[in-house]
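What follows is each chain in one-letter form.
There are 2 protein chains.
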Amino acid sequence: MNETALFKLSYGVYICTSWDEGKPVGCVANSAMQITSSPATVAVSINKNNYTHKCIEDCGHFALTVLAEDSDPKLIGTFGFRTSKEYDKFASAPYTVRGKLPVLDGGMAYLSCKVVSKMETATHTVFLGEVEDCDHLRAGKPMTYAYYHDVLKGKTSANAPTTVAAAPEKKQKVYVCEICGYEFTGDFDSLPGDWVCPICGVGKEHFSAK
Amino acid sequence: MNETALFKLSYGVYICTSWDEGKPVGCVANSAMQITSSPATVAVSINKNNYTHKCIEDCGHFALTVLAEDSDPKLIGTFGFRTSKEYDKFASAPYTVRGKLPVLDGGMAYLSCKVVSKMETATHTVFLGEVEDCDHLRAGKPMTYAYYHDVLKGKTSANAPTTVAAAPEKKQKVYVCEICGYEFTGDFDSLPGDWVCPICGVGKEHFSAK
Chain F
-7 MNETALFKLS YGVYICTSWD EGKPVGCVAN SAMQITSSPA TVAVSINKNN
43 YTHKCIEDCG HFALTVLAED SDPKLIGTFG FRTSKEYDKF ASAPYTVRGK
93 LPVLDGGMAY LSCKVVSKME TATHTVFLGE VEDCDHLRAG KPMTYAYYHD
143 VLKGKTSANA PTTVAAAPEK KQKVYVCEIC GYEFTGDFDS LPGDWVCPIC
193 GVGKEHFSAK
Chain V
-7 MNETALFKLS YGVYICTSWD EGKPVGCVAN SAMQITSSPA TVAVSINKNN
43 YTHKCIEDCG HFALTVLAED SDPKLIGTFG FRTSKEYDKF ASAPYTVRGK
93 LPVLDGGMAY LSCKVVSKME TATHTVFLGE VEDCDHLRAG KPMTYAYYHD
143 VLKGKTSANA PTTVAAAPEK KQKVYVCEIC GYEFTGDFDS LPGDWVCPIC
193 GVGKEHFSAK
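Heads up: the protein sequence lines correspond to chains F and V, in order. Each residue of the first sequence is one higher than the last, beginning at -7 in our numbering. Each residue of the second sequence is one higher than the last, beginning at -7 in our numbering.
Rather than coming from a laboratory, the hints here were simulated on the basis of the structure. Check before you lean on any hint, since a few could be wrong.
Dumping the calculated DSBU-like pairs for lysine-lysine here, alpha-carbon to alpha-carbon at most 30 Å [claimed, not checked]:
#1 V:106 with V:15
#2 V:196 with F:40
#3 F:110 with F:15
#4 F:202 with F:133
#5 V:133 with F:66
#6 F:165 with F:40
#7 V:196 with V:77
#8 V:110 with F:46
#9 V:66 with V:165
#10 F:92 with F:110
#11 F:106 with V:196
#12 V:66 with V:40
#13 V:133 with F:133
#14 F:110 with F:46
#15 V:196 with F:110
#16 V:106 with V:133
#17 V:46 with F:110
#18 V:66 with F:133
#19 F:40 with V:110
#20 V:106 with V:46
#21 V:40 with F:110
#22 V:110 with F:106
#23 F:92 with F:66
#24 F:110 with V:110
Just so you have them, the derived chain F footprint on chain V, three or more residues with Cβ under 8 Å [to be verified]:
#25 23 to 32
#26 175 to 188
Beyond 12 Å from chain F on every Cβ pair, some chain V residues (computed) [to be verified]:
#27 14
#28 64
#29 72
#30 111
#31 170
#32 171
#33 202
Don't be surprised by glycine CBs; every beta carbon is placed ideally from N, CA and C.
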C-alpha cells in the first residue's frame, strides 16, 4: 500500500464560510463535490478541529466560494493556516452576503447551502448541503488543488524579490514561514521591514531559517 | 440562482469498479474525494440507478481507478455510457485484480476500498470507503473533468478523420452519437464501415444527423 496514490485524486480550492453568531467565519476546503442535481446538493468535508465546523453545526448553513487561478493566494494563507476563533480572517478579505451567507469577493462563483444531512467519520464531518443560492461572480478558470500546489507556489516563488535572492555575493539560505510553510530562498535580512509572506501574509517575524 | 455555477466545482475522472458475483462491473465517477487520513478513507457518490451501485451494496467493496490525461478516452465512453447489466465493459478494457478488486490497466493509480459508512440522498449514495490497498500504476497527470470536457473532446475531434471532414466540396454536416453525445463534423458517409465513435466506441449505426 502506497498512500501517495491518494495524491492523484483531483480537487478544487474553495473557501467554506458560515456564521458565528453574526460574525463571518471560514476555512479552506478542497473536498467538495456535487451529489445530486434535483434538488442540487453538494457535500463538503470539514475537520472537526476546525472552528468553522462548530459554526456550520450551530447555524446549519455554509457557503462555498470557488477560487479562480488568479484569485489572491493570500486568501488561502489567511483561511487555510489560521483559526477564525482567534483571528478575523475577513479583516483583509472583503466579502458580500449572498444567499444569506458571507461570500469572498475574491472568488469567481459561490454556492450557498442549507445542511440537510451529514456523515460522521473519526476526524471529519461530511456535510450535505442543499444549494439555496448560487451564481458566478466573474469569468475565470477554477483553481484546482494541483494548480495551487504545482503551479502557483512556483509562480509565487518566482515573483519573490529575486533580485535580492540572486545577488551572487550572498549565500542562498532558506527561510520557512511557520504559519503556512512557504519557503523563501535568498537574502532574507535585506527584505524590507514590511515584507510579508506572499502566501499567508504574515510578517518577517514568523519566518525562521531552515 | 444560476445553477451553472455548480459547473465550477473541480473533479477528477475515475472508473469505480466492484464485483457482481465474481464478474467485474464498473462505471465512471467524478465525485470522489479523500475524507480522512488516518485511517485513509475516500467518499464516492454513485447514482442509485447505476448497476454498479447495486453491486457495491452487495459486495461492500469498491475500487477507484484514477485515469490519466493520456488514458484511452474510450474507457470513459465504455464505462460512462453503457450498463454493466447488459454489456461486458471489461471485454475491451483489460484489468488486473489489485487489493481484491478489478483495476483498469489503463489507469495511473488505484484505491481499493471497503465500505465503512454511507450517506443516502434522493438519487445517489455517498459511499465512504476505507482504503485497504492503493498504489501508482505508472507516471502521468491525473485527468480532471475539465480536461476531459474542454481539452480532450477538442483533441479527439481534431484526431477524427479531418482529411475527409475538410474536403471543400462536401458540406460539413454534424452527426451526433446517441450513446455519448460526441459530435462528428464532416463527410460521415465516407467514413469506413468499421469506423467507431472515438469516445465510446459504438459503430456508425448509433449516429444520427444533427
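List of violated hint numbers, smallest to largest: 2, 4, 6, 11, 15, 26 and 30
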